[in-house]
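Going line by line, the protein sequences match chains V and D. The first sequence lines up with residues 1 to 364 when you count with our numbering. The second sequence lines up with residues 1 to 296 when you count with our numbering.
The set of hints was computed from the structure by calculation and includes no laboratory data. Mixed in with the good hints there might be a few duds.
As the list claims (entries may be wrong) - Derived contacts from chain D toward chain V, CB cut-off under 7 angstroms, selection only:
no., residue
1, Val105
2, Leu107
3, Met108
4, Gly117
5, Glu119
6, Val130
7, Lys133
Stated by the list, open to error - Estimated spans, in silico, between C-beta atoms of each pair:
no., chain 1, residue 1, chain 2, residue 2, range
8, V, Val129, D, Gln69, 41 to 47 angstroms
9, D, Gly177, V, Gln253, 20 to 26 angstroms
10, V, Val167, D, Glu81, 53 to 59 angstroms
11, D, Arg83, V, Phe154, 35 to 41 angstroms
12, D, Glu81, V, Val129, 38 to 44 angstroms
13, V, Thr304, D, Arg88, 24 to 30 angstroms
14, D, Leu127, V, Thr38, 29 to 35 angstroms
15, D, Glu89, V, Ile212, 45 to 51 angstroms
16, V, Tyr144, D, Lys253, 40 to 46 angstroms
17, D, Asp36, V, Leu41, 56 to 62 angstroms
18, D, Asp249, V, Tyr144, 37 to 43 angstroms
19, V, Phe140, D, Ile32, 40 to 46 angstroms
20, V, Leu41, D, Asp249, 49 to 55 angstroms
All C-beta atoms, glycine included, are put in the ideal place defined by N, C-alpha and C.
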Amino acid sequence: MKVNRMASGAVSPQTAGTAPPPPTRPGDERLAQISPMTRVLRRPEIGAALAAIVIAIFFWTQSALFLKLDGISNWTDVASTIGIPAVLVALLMIGGEFDLSAGVMTGSAGLMMGILGTELHWNIWIAIVATLAAATAVGFVNGYMVMRTKLPSFIVTLATFFILQGVNLGVTKAITSEVSVSGIDNAGGYDSAYKIFGGSFWEPHDFRVTLIWWVAVTAVGTWVLARTRVGNWIFGVGGDANAARNVGVPVTQVKVGLFMATSFFCALTGIMIALRLASTQAGQGVGDEFQFIIAAVVGGCVLTGGFGSAIGASLGALIIGMAFIGIQFAGWNTDWRFLFLGVILLAAVLVNNYIRKRAEGVRK
Amino acid sequence: MTAVESVDPVVESNGAPLLEARNISKYFGNVIAIKDISVQVSANEVTCVLGDNGAGKSTFIKILSGVHQHDEGEYLIDGEETRFSSPREAKERGIATVFQDLATVPLMSIWRNFFLGSEPTKGKGPLRRVDVKFAQETMVEQLARMGIDIRDPDQPVGTLSGGERQAVAIARAVYFGAKVLILDEPTSALGVKQSGVVLRYVAQARDRGLGVIFITHNPNHAYPVGDRFVVLNRGRLMGNWKKGEISRDDLIKMMSGGAELDALTHELERVLDVPSEDLPAPGAVETDTPTPPPAG
Numbered sequence: 001m002k003v004n005r006m007a008s009g010a011v012s013p014q015t016a017g018t019a020p021p022p023p024t025r026p027g028d029e030r031l032a033q034i035s036p037m038t039r040v041l042r043r044p045e046i047g048a049a050l051a052a053i054v055i056a057i058f059f060w061t062q063s064a065l066f067l068k069l070d071g072i073s074n075w076t077d078v079a080s081t082i083g084i085p086a087v088l089v090a091l092l093m094i095g096g097e098f099d100l101s102a103g104v105m106t107g108s109a110g111l112m113m114g115i116l117g118t119e120l121h122w123n124i125w126i127a128i129v130a131t132l133a134a135a136t137a138v139g140f141v142n143g144y145m146v147m148r149t150k151l152p153s154f155i156v157t158l159a160t161f162f163i164l165q166g167v168n169l170g171v172t173k174a175i176t177s178e179v180s181v182s183g184i185d186n187a188g189g190y191d192s193a194y195k196i197f198g199g200s201f202w203e204p205h206d207f208r209v210t211l212i213w214w215v216a217v218t219a220v221g222t223w224v225l226a227r228t229r230v231g232n233w234i235f236g237v238g239g240d241a242n243a244a245r246n247v248g249v250p251v252t253q254v255k256v257g258l259f260m261a262t263s264f265f266c267a268l269t270g271i272m273i274a275l276r277l278a279s280t281q282a283g284q285g286v287g288d289e290f291q292f293i294i295a296a297v298v299g300g301c302v303l304t305g306g307f308g309s310a311i312g313a314s315l316g317a318l319i320i321g322m323a324f325i326g327i328q329f330a331g332w333n334t335d336w337r338f339l340f341l342g343v344i345l346l347a348a349v350l351v352n353n354y355i356r357k358r359a360e361g362v363r364k
Numbered sequence: 001m002t003a004v005e006s007v008d009p010v011v012e013s014n015g016a017p018l019l020e021a022r023n024i025s026k027y028f029g030n031v032i033a034i035k036d037i038s039v040q041v042s043a044n045e046v047t048c049v050l051g052d053n054g055a056g057k058s059t060f061i062k063i064l065s066g067v068h069q070h071d072e073g074e075y076l077i078d079g080e081e082t083r084f085s086s087p088r089e090a091k092e093r094g095i096a097t098v099f100q101d102l103a104t105v106p107l108m109s110i111w112r113n114f115f116l117g118s119e120p121t122k123g124k125g126p127l128r129r130v131d132v133k134f135a136q137e138t139m140v141e142q143l144a145r146m147g148i149d150i151r152d153p154d155q156p157v158g159t160l161s162g163g164e165r166q167a168v169a170i171a172r173a174v175y176f177g178a179k180v181l182i183l184d185e186p187t188s189a190l191g192v193k194q195s196g197v198v199l200r201y202v203a204q205a206r207d208r209g210l211g212v213i214f215i216t217h218n219p220n221h222a223y224p225v226g227d228r229f230v231v232l233n234r235g236r237l238m239g240n241w242k243k244g245e246i247s248r249d250d251l252i253k254m255m256s257g258g259a260e261l262d263a264l265t266h267e268l269e270r271v272l273d274v275p276s277e278d279l280p281a282p283g284a285v286e287t288d289t290p291t292p293p294p295a296g
């Protein structure tokens, strides 16, 4: 009979006072020793963390400003408005679904809040609450349609994407006779809302408050995934929805909830951008959904669901932010940034794939 | 010897079987899926439900596990007539089903899988969180009872072998208080050695006081662990025997209509009749189980 150290509830007497327990127990020679390295490599975000360091050093060699506080405030700003939605897109992706309407939703939210504030003269705070409620409702419709029809979320949210894009242009033109909403700063309550959602801190470097929001969303997202029941359910429904359902996980509620949360935080990001600029374009946000997805995938999320992390998505967003600003700082043509993004995405997927195979062993 | 913990056997409250089906029938439109099936499941017993593809095994266990509802007959739990509207309800009454390929989530760690849907928590309000340490230690302990030594609870389930994955699902059902464990073809996707390992877990679950329903189309897997054999064919009950009332050869003939299956008969003797610690047997042939030819 072999004695299991953990099973006995405490360290067995003969090993308690002496050396740490031997790395291999005589019980089962087939199990290879798990090295600390394997443990680290098993983390989804490890590839993105290494890439972020390499890219930071690379742009620093191109422009010393890149790693000075004034430079950092620049690229963390770009990263934060990609990172907040990217964390939610990552949670959704871990849950096994996509939301292609995530990008255009940031535009819709800014426009809705702007029109409510400037044309209907609502207090901006009430406009914000109404906008967030509307966005959450769109998320619910997305999720409900996906779960009800069992169609791929890719198709359902692609439809939402185009519907929202059309509404954004059509409604904005019909109401303002332009393709933008401006003068949001004239709405009541703008100053206080600006301070919380659009302002900056730490003079004279001007870090944006969106950075604080981003860090907070990442922290909460990580907590939810790693330490709450809902987090376990998200991994479960993404990894194998049937298996999760069989053990009693409310699969539909989890997925619909994820769609709603994604739309909510995308709208919040759109509100932050619109408040900061005091105006917003009808085409705002179109195409951004791919940046969110890239950030999530670079951060180690698996496209088929069940694997990934919130902090990884944030590291992915950080990489995108560094690339966009770094290319400017280096004095290159900014047109190159999309090529850079594509290369990063491809490299990240290949590296993550390799690392995961190594970490999980040969069998699958 | 196999390590078996001394767990209080499930006490049968009123002498009735844990689970009983009486003349259960199920129709899908005008198709008779199963007709007049009667089975009794008692604690400390393995009831094998045998039958070839299309015999009605899946329909029958889906009724027992709450996925489908029967159209005729009676379904009794502890002697009390019952009708489950969902698998969840069946689970709450202690009827746990382990589906062949749908038991675990490969990319999730073993402890997350073990507690998926029933996570232990600590703390209150927004700080209410999964008790990771408790979950990991419990999982390691429960699997150790089944003879599986898990060193790293964070290991993804996908890195375990097929037999070990079934064991995780079985251990989970036992831990969460199942009285009746329904195993849907747990060995059909496994090789000879792995099948033997799973059959050992089946025997262990039985020895811990559960009533086990073991669905299989392989009589050589059923015979060594079964206490009672129920053979279905084309939706009808062909017979119901206790061990000793029917020989292995007769069971095979019953299922297959006397087709030549001699090649199969020794397969499990090789796997199961050796001391369990020595598995796999040195001379065991590493080929996949040939499945019996269709009956009808």
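Hints, one by one, checked against the model:
no.: 1; hint: Val105; in the structure: 4 angstroms, holds
no.: 2; hint: Leu107; in the structure: 4 angstroms, holds
no.: 3; hint: Met108; in the structure: 5 angstroms, holds
no.: 4; hint: Gly117; in the structure: 4 angstroms, holds
no.: 5; hint: Glu119; in the structure: 4 angstroms, holds
no.: 6; hint: Val130; in the structure: 6 angstroms, holds
no.: 7; hint: Lys133; in the structure: 11 angstroms, violated
no.: 8; hint: V:Val129 with D:Gln69: 41 to 47 angstroms; in the structure: 46 angstroms, holds
no.: 9; hint: D:Gly177 with V:Gln253: 20 to 26 angstroms; in the structure: 25 angstroms, holds
no.: 10; hint: V:Val167 with D:Glu81: 53 to 59 angstroms; in the structure: 56 angstroms, holds
no.: 11; hint: D:Arg83 with V:Phe154: 35 to 41 angstroms; in the structure: 40 angstroms, holds
no.: 12; hint: D:Glu81 with V:Val129: 38 to 44 angstroms; in the structure: 53 angstroms, violated
no.: 13; hint: V:Thr304 with D:Arg88: 24 to 30 angstroms; in the structure: 26 angstroms, holds
no.: 14; hint: D:Leu127 with V:Thr38: 29 to 35 angstroms; in the structure: 31 angstroms, holds
no.: 15; hint: D:Glu89 with V:Ile212: 45 to 51 angstroms; in the structure: 47 angstroms, holds
no.: 16; hint: V:Tyr144 with D:Lys253: 40 to 46 angstroms; in the structure: 54 angstroms, violated
no.: 17; hint: D:Asp36 with V:Leu41: 56 to 62 angstroms; in the structure: 57 angstroms, holds
no.: 18; hint: D:Asp249 with V:Tyr144: 37 to 43 angstroms; in the structure: 57 angstroms, violated
no.: 19; hint: V:Phe140 with D:Ile32: 40 to 46 angstroms; in the structure: 43 angstroms, holds
no.: 20; hint: V:Leu41 with D:Asp249: 49 to 55 angstroms; in the structure: 53 angstroms, holds
The structure is inconsistent with the numbered hints 7, 12, 16 and 18, although it conforms to all the rest.
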